[in-house]
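Below are the chains, spelled out letter by letter.
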Amino acid sequence: MKDYKYIGKDVTRIDALEKISGAAIYGDDIDFGANLLHAELVQSTMAHAIIKSIDISEALKVKGVYKIFTGKDFPYKFGLYMKDRYIFAQDKVRFVGEQIAAVIAFSPGAAKRAAELVKVEYEALPAVLDQMEALKDDTALLHPELADYPHVPWFFPKPGTNIAHWRKTRKGDLDKGFSEADFILEDTYQVPRYAHCAIETHVAVGKFDHSGRLTVWSSSQSPHTQRHLFAEALGLSHKDVRVIAPHVGGGFGGKAGVTMEIIPAALATKLKGYAVKLRYSREQEFINTYQRLGVVAKIKMGVKKDGTITALDHKIYWDAGAYVEYGANVVNAVGLSAIGPYRIHNVSIDSVCVYTNLPPGGAYRGFGYSEMLFGLESHITRIANELGLDQIEFRRKNAIKAGDLTAYGAKMNPNGLIECIDKVQQAIEWGKKPSSNDPTKVIGQGFSLFWKAPAMPPNASSSAFLKFNEDATINLIISGMDIGQGYQTVMAQIAAEILSVPPGKIRVETPDTDRNPYEWQTVASHITWSSGNAVKKAALDAREQILSLINRVYHYPIDELYLEDEAVKCQTDPAFLLPLKNFVVDGIMTRDGTFKGGPINARGMFMPEFSSTNGDPETSQGGHPNVHYTVGAAALNLEIDRETGKMRVLKAALAIDAGKALNPDLVRGQITGGLLQGLATVLYEDMRYNDKGKLLNPNFTDYKIPTSMDVPDEIIPIIVEVPQPDGPFGARGIGEHTMLPAAPMIANAVEDALGIRIKEMPITAEKVALAVLNKDKQ
Amino acid sequence: MKELILKVNNELRSVYVESNEILLDVLREKLGIKSPKCGCERGDCGACTVLLDGKAVRSCLVLAVEAEGHSITTVEGISAEKLSALQESFIQFNSFQCGYCAPGIILAVTELLEKHPKPSLEEIKESIAGNLCRCTGYTPIFDAIMDLTKGDK
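Taken in sequence, the protein lines are chains D and A. By our numbering, the letter at position 499 of the first sequence is numbered 499, and the numbering carries on one by one without gaps. If you want our numbering, it's the 1-based position in the second sequence plus 1000.
Hints in this document: simulated from the structure, not taken from any laboratory. These numbers come from a predicted model, not from an experiment. From the three backbone atoms N, C-alpha and C, an ideal C-beta is built for every residue, glycine too. One or more of the hints may lead you astray.
Unchecked claim - Restraint ranges, calculated between C-beta atoms of paired labels, are given here:
no., chain 1, residue 1, chain 2, residue 2, range
1, A, Asp1053, D, Ser436, 41 to 49 angstroms
2, D, Gly431, A, Glu1126, 30 to 38 angstroms
3, A, Lys1115, D, Glu121, 54 to 62 angstroms
4, A, Asn1020, D, Ala34, 34 to 42 angstroms
5, D, Asp702, A, Lys1118, 33 to 41 angstroms
Could you put the whole structure together from the sequences, leaning on the hints where they help?
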């Protein structure tokens, strides 16, 4: 393997100093001076209702209130993949918390007091709070005008129903597959909704100046996508919309696309000259951004005695909430990939996106794969146990290999799935589980595979500008967001490797859409791969410019020149050494005193030109909707107190095929972080709604996220590297995947320890203790 | 409005506040000290942690008027001369990702190390049990502190 200087090294983060010294600027840290207005929302108290009237008269009397806007001021629709939302509710509300009006005031306190005084009169409609209810014939329709909503061509809404999108994937002959099976297991699994809980809540500030230009400062994963949606929804030219995205205090998908940011952007257009800020409270963050979708999954799998999977019928019904403009793509992604990382010839997948009167579902780290894998990987373990097969052998036997066909008929990319299985099996010492000295405690082992592909339009692209400074330091100008994953550092490493300039001499600033080149969004775990390719091309462009100049001035053949230690050197003339800082801006002086060259400014771009969404709507066969999959395996030892149900992860091992870990320490950081986030979804996080559709626990007291006390006793991160042929230095994304195996691993370990199979998440201590009691009674 | 003289990062600052204003808002909006972050406004997340006479407190739960006569320290103060050994260790271990919780955690651990220069892992965990981090899984934070405080240093 090639020996790299910066690639594959544990480089410390280039943004660490800023973040450790308190210098890093986040959205709420920017000062706007005396012309700053504050917006507070008036939010629906009903899950489904007609708005009869809105009375703002009392609210307008509050001292400091400037203006109040309602839906009639902004009759615009928006949406990323499907335009099914308005900026403010128009004639109807569809979830508790939906924005109806905004109070604008000179202080946050005045805005808040006045918002409570706006009186909304409703006429209640039947609330549909469950996706299975929503599918029944006599259930109220959330969107009677569904047929009129513009959407991407690969969505298939069913007007006259609550189905916003139905992804069907069909391969082989399902009946034949089941007839060949010696054993068939059929069951239903349920996953509730979850919240991202980035510690920074959403904040956005819009300013529409007197020249008609809109600037939005936004805590966002998606500055260019936001610019595009703002321009489209508000009827502005892209050149007149500018999105500035400072540091982001956590994303996890929750700051992807556009949610609340459209509100200050739209409000600003009616408040010329002012800046208007909307900062979400923690409660609003829970209720009115995206939530992870809820799932009911019906799985039927057929298997031969020897462990060959012959057929899979996977029906997944998604509680996608009141508006599905982004969430429908979660449904789509899983509808293409619900075979899991397995080679299965006879497949039927129905992934059904259902409107409900709950908050909008959308992107959440894992993009639906966590929900899908909870059922599938529970099912796999159960089948192995039923057949008396070793569950790891069963997985290994059916594991998808490079060149195998996916459910939609494209070839699987090179991958290290088997190596991941082997390494996890070894690290966790599978089969040799420790025993507890405490008679009330039992220990179980759980295993799970995982896979995920980036879900993105076929033409999602990245681009990069790179400019040298006088001292041969570099500004790398790109538009992905460092939402914590270490994007800026890794992109600097890529440029550093090619240009022989240390990463610490490369500055990567957070983006501004006026100055930074286009990037689709920082989502889908595609940014290392996609933006990395663009950065690599930009660095190669700079290198080409440098070597061409040296060739022009010194006449060395280009193929004999190379870059090393921030200088140009020549293979055939060891005496030649020209430091980059001598010429990358000012050029090279020739004998007659004239100069050749000039500032080195480079560019790079990447778009996956092989991707398409042309699959048949009835079968999904024919297109190439996913660029590649990242795969892995994980296992854990779980200690359970039989009396209290309390669980403790003694040891967990997770192996992921990163293709090439550009920065192994940052990959390990994704493993420790993602694993804990995943464990929390299965062990204690739980959104509780009442029968009126109101979220009962929108705060960190009642919705528990992990603290330092909840960390597994031992985590073994394992990196496998089977290169991605079209990845930068072979890399592919790993950010979301590390949380995918957590839930099924726990369910499998609970069964191993107690002989109890729990099929509904979360698997809380309470649920386990009650299940033990019930079992003991029988 | 009442005039307060607050001692912040060893400087005396004059500021006019309402009696119901919280220290977090006064630091951020009236004194321009932005490292304490708002994450929940109810003391759950710890992002607004500051040191009050060396003790970590939630600045969203402290009224600005209560802070008069006490010494307030934020990460800006700790970083003023040069980074602390703790901050250097956090950099070496890539301990933070998005960085939003970092100021609060740095201050909470600073207090711990004042009291216990060689803390156990349990003491480390307890010292930041009120500071939520959603990114890292805490492990790289523990590692940096353990490495910094291990025997031979």
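Now the hints, each set against the structure:
1. A:Asp1053 <-> D:Ser436: 41 to 49 angstroms: Roughly 44 angstroms apart at Cβ, these two residues keep to the hinted range, so it holds.
2. D:Gly431 <-> A:Glu1126: 30 to 38 angstroms: Holds: the Cβ-Cβ distance is about 35 angstroms, inside 30 to 38 angstroms.
3. A:Lys1115 <-> D:Glu121: 54 to 62 angstroms: Once the Cβ atoms are compared, 58 angstroms apart, the range 54 to 62 angstroms for Glu121 of chain D and Lys1115 of chain A holds.
4. A:Asn1020 <-> D:Ala34: 34 to 42 angstroms: The hint (34 to 42 angstroms, Cβ to Cβ) is violated, given that Asn1020 of chain A and Ala34 of chain D are roughly 22 angstroms apart.
5. D:Asp702 <-> A:Lys1118: 33 to 41 angstroms: For Asp702 of chain D and Lys1118 of chain A the Cβ distance comes to about 37 angstroms; the hint holds.
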